[in-house]
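Enquirer: For reference, the chains in residue letters:
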Amino acid sequence: MGTYALSRLGWAAAMVFGVAVLGFLMTHLLPGNPIDALVGDFPAPPAFVAQLRVEFGLDKPLSAQLLLYLGQLAHGNLGFSFVNRQPVLTLILTRAVTTLDLMLPALVIASVLGVVIAVTSAAHAGRVADTTLSSLTLIGYSIPVFWLAQILIVLFAVDLGWLPAQGIASLRAPRSGMGAFLDALEHLVLPLFCVTIYYMAIVARIARSSVLEMLHQDFVLTARAKGLGEGAILWRHVLPNGLMPVITVIGYNFGYSLTGAILTETVFGWPGLGGLLVSSIENRDYPVLTGIFLFVATLVVVANLVTDLVYAVADPRVRVALQGAA
Amino acid sequence: MTDERADTKTLIRTLPGSGPGRREVLRWAAQIGLLAPAMLAAARNAAWAQEAPKRGGSLIMVNGADPTGFNPDITTAITDYLVGSQIYEGLTEIDQDFRPVPRLAKSWTISEDGTLYTFQLVPATWQDGQKLTSKDVKYTLEQVSAKYGSKFAAAAARIKTISTPDEATVVIQLDRPYGPLLFTLSSYGNAAILPEHLFGGTNPLDSPASRTAPVGTGPFMLAEFARGDHVTLKRNPTYWQSGKPYLDEMIFKVIPDEASRVLALKSGEVDFCHFYYYPTSHVAEAKADPKLQTREHGVPENRVLVMNVRNKPLSDVKVRQALFTAIDREFIRQSVFQGLGEVQKNAIDSRIPWAHDPNVDLGKLYPFDPAQAAKLLDEAGLHADANGTRFELRYVYAIAEPGDEAIGQLLAQMWGKIGVKLTLQGGTQEFLVQRVFLDWDFDVSPESFTTGGDPALGVARLYISSAITKRPYVNASGYSNPEVDALFDQGAGGSTPETRGVFYKKVSALLARDIPTFPICETPLVNVAGKQVHGRWAWSTGYTWWESVWIDS
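Going line by line, the protein sequences match chains V and S.
Position one of the first sequence corresponds to residue 2 (our numbering), numbered consecutively onward.
Position one of the second sequence corresponds to residue 1398 (our numbering), numbered consecutively onward.
Pairs of lysine to aspartate or glutamate, DMTMM-like flavour, derived with a Cα cap of 20 Å:
(1) S:K1867 to V:D37
(2) S:K1631 to S:E1621
(3) S:K1709 to S:E1789
(4) S:K1818 to S:D1725
(5) S:K1684 to S:E1739
(6) S:K1544 to V:E56
(7) V:K61 to V:D37
(8) S:K1532 to S:E1564
(9) S:K1544 to S:E1593
(10) S:K1814 to S:E1802
(11) S:K1688 to V:D160
(12) S:K1544 to V:D37
(13) S:K1503 to S:D1563
(14) S:K1631 to S:D1525
(15) S:K1928 to V:D160
(16) S:K1684 to V:D160
(17) S:K1688 to S:E1655
(18) S:K1867 to V:D60
(19) S:K1818 to S:D1782
(20) S:K1503 to S:E1564
(21) S:K1709 to S:D1782
None of these hints come from the bench; they were simulated from the model.
Please model the entire structure based on the sequences and the hints provided.
Expert: The following block contains the structure:
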């Protein structure tokens, strides 16, 4: 198990390094440059442009810039944003927290509800409940999130006036204490619904087929023969055995927790990492872009690593196989 | 829509303190037999004046992204202008008809030869309690605006010395007259006055007073910068214009998505959206909404087609005239701009009235007529081959620029009918800059150009020979005409709009003959606000005058 974890970790580190180099090169080779974005659409004095090039290190050859960047990274420094004039790490962390405020509840709710829907659906396979739930998850999976978001805003914010359309808190009359908490919840409802519905659909669809497959296994027949109730069979025997693909997809979802809500964030003006990514692409803010790639890649790698380890915990067969290999 | 705009203009001209006085307008109107509309406008003006400003409340406006900073002198990005112009102010301010009016300079005199400007400053204090002095002005213009201000560069090149005989007097000596000087001395012209005691000796690009802790003389001061979400400004309690601002707070909410901006206005979560951020496709919706109001104004922008006159056969003026004759510009306005804006009469936008000559009308010179266009091409010796093609052109455009792809498709059809094959080559904005402005590797390219409010600032760069440089947003067509250069130079040299206008009217006639760049549309500039917003919102550039805006709470 230890060797397994170590070798996984080694691969993970190599992957992150690869992403750093690739991310750096890709952002710098994009057409355009950050200076145009900074000075605006009026031709700027050439001396000013030259000064910015020196300040940003853009006057050096690309290879030299890359070496400098990797040197910085080795010291844990992700660089300095051209546009925001702030350390990249500070920027990313602040915005990532806001994204997680939205994504963590969404992923948890999506995972739990997704599994419940899947089990219910599988238990009634082929009947009305199953068809209804399957159709709903298909819709949830395929509905374009920006469209859903607009419709929700039109309905609940513009027409009914029940919920806010934008942001994470009321700007006009900020509340405090319990009021602020309720205000934050009100702002969370619509974006949370949009994100949850999609991830819930993914989990439900994967889990349903996995549970269905398990329902046809011999051990289910044995359990029935022993006289176990359907509920016990489903939740205590079938679900744990059918959990592996579900863990994979949930782990995969968590890997995208930082970038999985870019569209939702954009429509709802949610000040998360998605917005920072979009504006950094527009502004060609190289350090922030590379920083986000690196940060997100690290998260994906970590989520995969954790998923692999959770396999071992969840499934004794994997644990045994690993011990055998070690 | 045309009538509405005309009405607004009449109303504006008769407002006290903006442009010619009411008596002057009345006399002029009587002379040409238009007394009745003028009286009507005066009556409306009186109604406007009776609406007493209210004090208090927060106004929330849309910003497309975070500002990169608050210093209006080192960028022309609208994100920064919108916020920074409330904190920092210029010597002058720009009024609704794009004429300069006093701001931090309460008055000025200009020598007869137009080279010596003497300004008297208002008694203002910085938001940290220090006094504004002439030294701040000298420092800002010499050390910041001249070095970093894109819009101030031309003025800086003509300033010989800036002297400060006393704390409240600034004297600017030019080496030759420069007409747009007063216009450029505004915050919009990259000349907002900065505090020397905070900026002196620092790199203005990094100074906290540029980026995180601005200290201006303006009506509002920074209260909170929540990155990615909003910036909150609060009332400056020691603002030098007593009784102003009316608002307690201005909040700039980042809404990156266009459709979401519309919905936020409709739900009442934001009060104002500058035309730059409001999607043209939703203008009709805003006009129909009883809770919203629109105001058409802003620094005029033009959608033009830049023709690369280095390339054959575009180098032949007859060919350009033929191509122009084959374009149905009204159809483009209807289908691409939803019938908003105006078909552009000539190179100088009609919304800069002192420089525009309404008698030079491309629509009359080259009325839409495909048969005539084909005839002109025949005369130029460009006959169709076996496939019916006379020649091919490449249309290089930015996919993200709204309307440019549609314009390209319409052009391909219109020109296709006269045997000119147009190939559309789209890419990112950077692709466009590279191909059109740096490599000159294009035949036709649609561009959206700001006039800068003054032809010397935003229009000359499209046509003058000295702007044929490999830089973004200058003369990419390669058109060079000494006569045109001289007229633009003379236009920039006069000291009053009237004396300058003469040259711009002449140059628009020359450019209408040569058409190195095809003016297509005066882009619609529709600002949208909730009905609760009153006063000078969307006034002149839309960035300033917010101290004169109030809101029903």
